[in-house]
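2 protein chains.
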Amino acid sequence: MYIENLKGPEDLKNLGIKELESLAEEMRQALIIRASKHKGHVGPDLGFIEASIALHYVFNSPLDKIVYDVSHQTYPHKMLTGRQDAYLYEEKYDDVSAYSNPKESDHDFFEIGHTSTSIDLAAGMAKARDLKGDKYNVIAVIGDGSLSGGEALEGLNIAGEFDSNFIILVNDNQMSIAENHGGLYKNLQALREGNGKASTNLFTAMGLDYCYLEDGNNIEKLIEVLTKVKDRDKPVVVHINTLKGKGYKPAEDNKERWHWSLPFDLQTGEVKAEYRSEGESYQRITAQYLLKKMEADKNVIAIAAGVPSALGFTRSVREKAGKQYVDVGIAEQSAVALASGIAANGGKPVFGTSSTFLQRAYDQLAQDVAINKSPVTILATDASIFGMNDVTHVGFYDLAMIANIPEIVYLAPSGKEEYLAMLEWSIEQQDHPVVIRVPAADVTYADYEVRKNYGDIGRFQVTKEGKAVAIIAPGTFYNLGKNVAELLEKEADIAPTIVNPGFVSHIDKALLEDLESNHELVVVLEDGVLEGGFSSKISQFYSLSNMKVKAFGLNKKFYDRYDYDEIMVQHSLTPRQIVDDIKIILNV
Amino acid sequence: MYIENLKGPEDLKNLGIKELESLAEEMRQALIIRASKHKGHVGPDLGFIEASIALHYVFNSPLDKIVYDVSHQTYPHKMLTGRQDAYLYEEKYDDVSAYSNPKESDHDFFEIGHTSTSIDLAAGMAKARDLKGDKYNVIAVIGDGSLSGGEALEGLNIAGEFDSNFIILVNDNQMSIAENHGGLYKNLQALREGNGKASTNLFTAMGLDYCYLEDGNNIEKLIEVLTKVKDRDKPVVVHINTLKGKGYKPAEDNKERWHWSLPFDLQTGEVKAEYRSEGESYQRITAQYLLKKMEADKNVIAIAAGVPSALGFTRSVREKAGKQYVDVGIAEQSAVALASGIAANGGKPVFGTSSTFLQRAYDQLAQDVAINKSPVTILATDASIFGMNDVTHVGFYDLAMIANIPEIVYLAPSGKEEYLAMLEWSIEQQDHPVVIRVPAADVTYADYEVRKNYGDIGRFQVTKEGKAVAIIAPGTFYNLGKNVAELLEKEADIAPTIVNPGFVSHIDKALLEDLESNHELVVVLEDGVLEGGFSSKISQFYSLSNMKVKAFGLNKKFYDRYDYDEIMVQHSLTPRQIVDDIKIILNV
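For the protein sequence lines, the chains are Z and V, in the order given.
Here the numbering used here is used: position 231 in the first sequence is 310, and no number is missing along the way.
Here the numbering used here is used: position 488 in the second sequence is 567, and no number is missing along the way.
Hints in this document: simulated from the structure, not taken from any laboratory.
Among the hints, a few may not be true.
In this list, chains with the same sequence are indistinguishable; a pair is considered to hold if it fits within one copy or across any two.
Heads up, simulated BS3-like pairs for lysine-lysine below, C-alpha to C-alpha not over 25 Å straight-line [to be verified]:
#1 372 with 211
#2 402 with 313
#3 402 with 372
#4 97 with 118
#5 371 with 328
#6 276 with 171
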C-alpha cells in the first residue's frame, strides 16, 4: 500500500507512473468503502483521483497554490496531503470536513462550499503573489457545472486580462449535480468532440489560452499536460474530460444519484435501510403539489438553479413538468431575475433553492423582485437549525438577509397544511414578492385552523388565548412553542398565549399592542440568528414599553458541523430551559 | 419638428429614413440642451438615439417587449413613447426618472438601475410568453460594459438553451463608465475589427446565433438588421457598434467624464459653477490616502468594480497606482472574492463601491470573506440618507445586510480623521474582514480624540459624559447627535451622554450595562433603515431591562428621488423634532 505511508505530496514525486496508478486504485477503493459507511460526496471525487495525483506530482503544494471550486472534489487531495487516515480508518472518518479547510492543512487555503468561486479566489492569490514579486504557480480547479455561475464567468473574464502565471483546470465530467443547462455546454461538447477544436471557444473568447485533454483520468497524460503549463507566464485554461463516479459502476451509471450519498450497500448501491427516508418530506410535498398545480394551470412554472432536489424535482418529476420546468444551472442570480421577468409578464414562477444559495441573489431579490413588486414565489429550504450543518451550507442567516428587504413577504409555515396554504396563496396572488421558509424538520400537522389567505400582510394568528406570557413561535418552532406552553402551564400555572405569526418579515402591531393589556412577557422563539432577525422586530416594537421581551435563538456567529441536539441545548432552546428562563424572568 | 408631435412609437412607422434622421437630430439637440440644465446621463443616451428609433420603427412596443439594461440609455426610448415633453420643456424635466419605469409608461416593464439584468428579465418575459402560447418579440438591450457582470453572462448561457424568439441587442460603445476591463473585450474588439468575424466568439460559444452591424448609429442599417431578426423563432445576438456621446464633441472626446454629468456650459462642457465641488470630498480623501499608502507598501492594492469614482480613482490616480490598482469590470462578486484571495495570500486589498452595488456580493461577503475571516477592507459609499436617491441606487439598506453577517466588522466613521484612522487600522490588521461606511455628507472633523486602534471589536467611544439620556449616534449622524445634545441641554437642562460607537456591527455590552445606572433613555440615531439595523441591536440588548430605547431612522420601505431635507423631517430626524420627542418620552 502506498497511500498509508504517504507523508505528503512530495512523496509522489518518487513514484513511477505504474506506482501512481496503483496509488490511484488504492485511493479509489478507500473512497468507495468510506462512502458506503459515511455520508458524503461520491461521484465528484471518484472522477478526480487521477487529476489530484497529477496536480500534486507536477506542482509543489503548498508553495504552488491549488484552489478548488465548491471543494467537494477534494477528498483525493486530502488523502494526498497528510489526511489519508480520515479516509482509511472508520474511527477517523469525522476528522475531516467535506470541503477544503485551512484549519486542517496548509495545502488548503479557503473554506469553500458554494460554487463558482475558485477562479476569483485563485486570481486574488496570483495578484498578491505578483505584488510581492514572488514566483510560483497558482491553479484554480473548477468543474463544468460551476461554469454556469456568474462569478465563475466573471472570473474567466478577469483572468483574461492577467499577464502572469495562472492556470485554470476545468474538470469537465459533463454533469452538474443534475444534468448541465445552458448554451455553453454545447460549446464544451463541441470542444470535446473536436479534441479541443471547435468553431468557437468560450475560454479563448474570454481572452485565455486553451488546451484540451481527452483522457482526463489518465495520470501519465495529465502529468504531461500539466508539466507543459507549469511555470507559464500567462493565464491558460486546461480543459480535461473526466468520468464522474469513475470506478464504481452504480455511480458511473447514475451520476445524479451518486453526486452525494448516504451510507449504502456496496454491492447493490442501495442506501442502507437505517438511513432511508421514504415517508413524507417537504420536498416531496412540494413536487406533488407543483405537478398538480402545473397540470391545472399552464402559467405555473418551476425554476431550479442546479439543485432541483430543493423542489423535490427528481428526474421523473422534471420529465412530467416538461416545459413548465426550467433549470438555469448554478445561477441563482438569473433564477431570481428570470422569475421576476416571468411574473411581470403574467406567469406564475416558483423558484426553490437552499437558503444558503439564495444569498447569491440578494441583489436580485432586492432590485429585480422587491422594487418591482414582482409576485414571485421563492422557496428557501434548509433555513433552519435543522437544515444542512456544514459551515458553508448553514441556512439560518436568512432572517436578517431576506426579512429586512422592503416589500418582500417572508412566510414561515409551521407545518404541512400551512405550507400548502401559503404556496397556493402566493402563487395565485399578484401583489407581493413572497419567500416561503420551507420547514426543515420532520413534517408536522396543524392543531389549529389554517388560514387560506395571507393578504393581510403581517397579521399574526393567535392559536391559543392566554395571559401573562405570550409565546410567539414562527415556523418550525411553532411546536416548540406549544411544548413550552404546556410545560409552563403545568409547572407555573401560567396559561400563556400562543402565537403562530406566519410572517417573519412583518409584525402585527395591533396584536402586540393588545398583548400589553394583560401580558408582561413576550417570548420569541427564533429558528435562526437573533441579530437582525424576526425577534429583533418585536424588541424594537416594545423598546419604549414596559413589556419585557425574551428572545431565544442563536448568536451571530458561524456554526460548523454542529450536533442538532447540542446546539439547541447550548442556546437554551429546549422546553425545559425555556420554561426555567421564563420562571426566572417572572420571578415565579 | 417631429418630436413634439409624436404620439407614440406607432407614428414612427409613417416616417421615411430622412425624416427619422431629422427626428434623431431633434432628439439629440433636446438631450444635449436638457443635460446642460439638468443632471443626468449623457453619453449612453447620445449613442443610442438611432438604435432607439430603429427598435421602435421595427418592433411594436409594448406588444413586443424591449427590456433595457441599467436603463440609463432609455432617454431616447422615453422620448419616443409619449414622454418627450420631459426632455423638451425645462419645467417638465423632473416628470421622468433617469431609468425605465413602469409607473411612467406601458412601454417600460421594470424599474432598473443595476447592471447586467436585462437578459434575465427579458428571458423571463419570453418564458411567460411561451407558456401562454403568445407570439411576439422580446428584446433585451445590453451595453458592452454590462457584459462583464456575472448575471449577464449567466443570462447569455441560459438564453443559449432557449428555442423560441429572443433577441439580445448588444450596444457596444467600447466603454463601461470608465474603460472596459477583462478578456472578453478583446473578443468584442476582434469581432468589430473583423466586421463580425473572429477566430472565436463569446456569443456563439454561449450557444447563440450572432450578427454584427458596424454602423450602429445608422438608422437605415439598424432597421435592416432588426427587420431580419424580427419574429425569428430562436435566440440571436445583434451586436452593434455605436459611438458613446455621439453628436456632442466633448462627450465623444472624454467618454468617462460624460457618462453622467451635472449641469454644464454648452460651449465649453464645463460643469456650471454653482454645481462644482472642488473642495474636500471623501472620495478625494480616499484616493490621496491610498496613493500614499501604496507608495509606501507595495502589497496594498485598490480594487474597483467598474466604478472607480467610489475610490476617487480618476484616470490620473489610476495611472499613478499602476499595478496596485485593478478594475474587474462591473463584477462585484469577483471584486469581493478577489479581495479575499489577495488577503489570504498576504496582500492588502481595498475594494470600494457604492453600498447599493455591494448587494451583488452578499454571498461573497458572507462566504469568501467572512467565513474565511479574510482581512479585506471594503469601502461602502452612499450608505446614507445623503447618498444617491434614485430608488435603485439608495444605499441605506446596508445595515441589515452587512452588519448581521458574522465576523464582519462594520465601521462607521463620524468624519475625516476617524475615517482615515479606520482605513489605516483596517489595512494593517490581519484578523478581521472590515467594511467601512464612508460618510456621504460633507466632510466633517472630530471634536474628540480619535482612536487609532479598533481591534477591541464593538468598543464604543463616549465623547461626552452625561446622564439621564444617552445619545448613540454613529457615522454621519454623530454631528446630529451633538446638535440634539446641545438643544436638549439648553431646553430641558439635561446634559446627555454622547456616544460615537464607531462600530455598527457590534455593540458595547459593558457600556450599555453601565448606562443603566444613571440613564433612563437611550436614543439611537440611525442613518438608514431601523429594521435589522444598528439600533435593533440596542433594542435587543435592553429587551428585558427597564431602559427605554428610542431609535430615530427610516422605515423599511423603498424611497425614490426624495428630497434630503424632507426625508429628515418626515422621519422626525431634525434636532428640533428629536428633542421634542425626547421631552415627551421623559415627560419633561
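Now for the hints, and whether the structure bears them out:
no.: 1; hint: 372 with 211; in the structure: between (59 Å within a copy, 15 Å between copies)
no.: 2; hint: 402 with 313; in the structure: between (44 Å within a copy, 16 Å between copies)
no.: 3; hint: 402 with 372; in the structure: within (14 Å within a copy, 56 Å between copies)
no.: 4; hint: 97 with 118; in the structure: neither (31 Å within a copy, 71 Å between copies)
no.: 5; hint: 371 with 328; in the structure: neither (35 Å within a copy, 61 Å between copies)
no.: 6; hint: 276 with 171; in the structure: neither (45 Å within a copy, 58 Å between copies)
Of the hints listed earlier, those the structure fails to meet are numbers 4, 5, 6, in rising order.
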